[in-house]
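Build out the structure end to end from the sequences listed, making use of the hints.
Chains as they are written, first to last, in our numbering: chain A, 1 to 246; chain B, 1 to 173.
A couple of the hints might just be wrong.
[Unchecked claim] No more than 20 Å apart at the CA atoms, straight line, and that leaves these computed lysine to aspartate or glutamate pairs for DMTMM-like: (1) K159/B <-> D7/A; (2) K241/A <-> D7/A; (3) K159/B <-> D3/A; (4) K79/B <-> E103/B; (5) K148/B <-> D7/A; (6) K5/B <-> E21/B; (7) K159/B <-> E5/A; (8) K241/A <-> E223/A; (9) K159/B <-> E114/B; (10) K79/B <-> E41/B; (11) K148/B <-> E135/B; (12) K9/B <-> E41/B; (13) K148/B <-> E223/A.
Keep in mind the hints are simulated off the structure, nothing from the lab.
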Amino acid sequence: MNDAELDQVLNTWGVPPVPASLRAGVLVGFHSRPERMRFRGLRVLIAAVSIGVFLLAVTLALPQTLGRAPYIVDSDVMRYAPDGTSSVEVHGASYNRNGSEIVVYEVSPSLLTELQLGLQAVNSAWTRLTLPLALSHEMLEKANSVARGCVGLDHYRLCSQSFGCVGSGPALLNTGCVIGPVVGHETILDHPTVAVQSIRGQRRDTLWMAPDLGCFALRITIEERRPDGTFHLVRKKQATKVTLNP
Amino acid sequence: MDLVKAARKGEEAAFLQLFEEHHLPLFRFAYRLTGSVADAEDIVQECFLSLLRPGCTYDPKRTPIRTYLFGIVRNQSLKRLRRSIGVDGTPPRSPESEFLRDEMQDAVSRAVMELPEIQREVLVLAHYEQMPLAEIAQVLGVELGAAKSRLQRARASLKETLAAYAPGMERKR
Chain A
1 MNDAELDQVL
11 NTWGVPPVPA
21 SLRAGVLVGF
31 HSRPERMRFR
41 GLRVLIAAVS
51 IGVFLLAVTL
61 ALPQTLGRAP
71 YIVDSDVMRY
81 APDGTSSVEV
91 HGASYNRNGS
101 EIVVYEVSPS
111 LLTELQLGLQ
121 AVNSAWTRLT
131 LPLALSHEML
141 EKANSVARGC
151 VGLDHYRLCS
161 QSFGCVGSGP
171 ALLNTGCVIG
181 PVVGHETILD
191 HPTVAVQSIR
201 GQRRDTLWMA
211 PDLGCFALRI
221 TIEERRPDGT
231 FHLVRKKQAT
241 KVTLNP
Chain B
1 MDLVKAARKG
11 EEAAFLQLFE
21 EHHLPLFRFA
31 YRLTGSVADA
41 EDIVQECFLS
51 LLRPGCTYDP
61 KRTPIRTYLF
71 GIVRNQSLKR
81 LRRSIGVDGT
91 PPRSPESEFL
101 RDEMQDAVSR
111 AVMELPEIQR
121 EVLVLAHYEQ
131 MPLAEIAQVL
141 GVELGAAKSR
151 LQRARASLKE
161 TLAAYAPGME
171 RKR
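This is how it looks when you write it as structure tokens:
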């Protein structure tokens, strides 16, 4: 059998007519598809508008927190064991506004997977946006007054112990970052800093603050006194990168 | 406007136009793969409705609608065949084929149905739907060379199986 003969034989196989019920069935299926499919675009639009309105409301309510950061400082916080070994406790990014530190994000290196980093950044931003909405006016005022009195490690709840009474943020700026005994000057990451120290009980805290960065502390050390009277380092915050006009 | 897009937006006219343009070859293809009118009807209906579902992956920039629809019918047909295949490994005889009066037509349908799936689908698309090999390869998701060799094997096999029905052989049967 050649190709032409095969084609001729194959052509004898016909197909029954298409049942009329096919068209009817397809039409029924078309009309009975779920409503959500038909109005999917509208629902997406409504959701997008709702989110937009919410973000706009937050923006109007908190213009100061959504303002553009003049600079961002990446920092590591290291913890020192009694034997002198150190480990990075937290990575973070922040800047100062009116003498108060604004934390953009902070993550623990032990959780540094890409997903977790992203989730923590989102969580940090979300908390920053929504927290004031959850607080009463009085609580918010109180929180702001505390924040204005803190610099550097305030988000680790250390400033209240070491620099909790240094005065308001604007006062800090007016004194050229000098809020205690000056123990030195140093240029860190191309920014001149003034080092001030505070000793309280068994602790000695030192902040290297940059006047050109709104008194942002590019380095903070926390030391504890040993029985022999010497101090040993227990924690240090160190800037690793300064990005201007991010 | 793209017919699929319009149909998804709820335009019945667009959906019907799609149906009218494509349902016949799709039905023929499904019937020749499954050997059953009822299965072919279900498959073609499901094929068109699948276009309306949110999870539908059809992208007009990547695939012509005809190729996409044939691909759906092919997959659905193979699924049904595998579910209903007999213990002897051959597809079930359809009720329709039992009533075929023409012996040659019956023999041809049986011979085609007994081809391995991968040869049958190529043969049906190439011979009965006159689809170019390049498009067949796209529908099946295989290389052009593979589609070509499957077709050659299918035809060679049929030449043997149907040799007795070659024109001029009637008297010998």
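Status of each hint after checking the structure:
no.	hint	result
1	K159/B <-> D7/A	holds (10 Å)
2	K241/A <-> D7/A	violated (77 Å)
3	K159/B <-> D3/A	holds (8 Å)
4	K79/B <-> E103/B	violated (29 Å)
5	K148/B <-> D7/A	holds (17 Å)
6	K5/B <-> E21/B	holds (16 Å)
7	K159/B <-> E5/A	holds (9 Å)
8	K241/A <-> E223/A	violated (24 Å)
9	K159/B <-> E114/B	holds (13 Å)
10	K79/B <-> E41/B	holds (15 Å)
11	K148/B <-> E135/B	holds (11 Å)
12	K9/B <-> E41/B	violated (25 Å)
13	K148/B <-> E223/A	violated (79 Å)
Checked against the numbered hints listed earlier, the structure breaks hints 2, 4, 8, 12 and 13; every other hint is satisfied.
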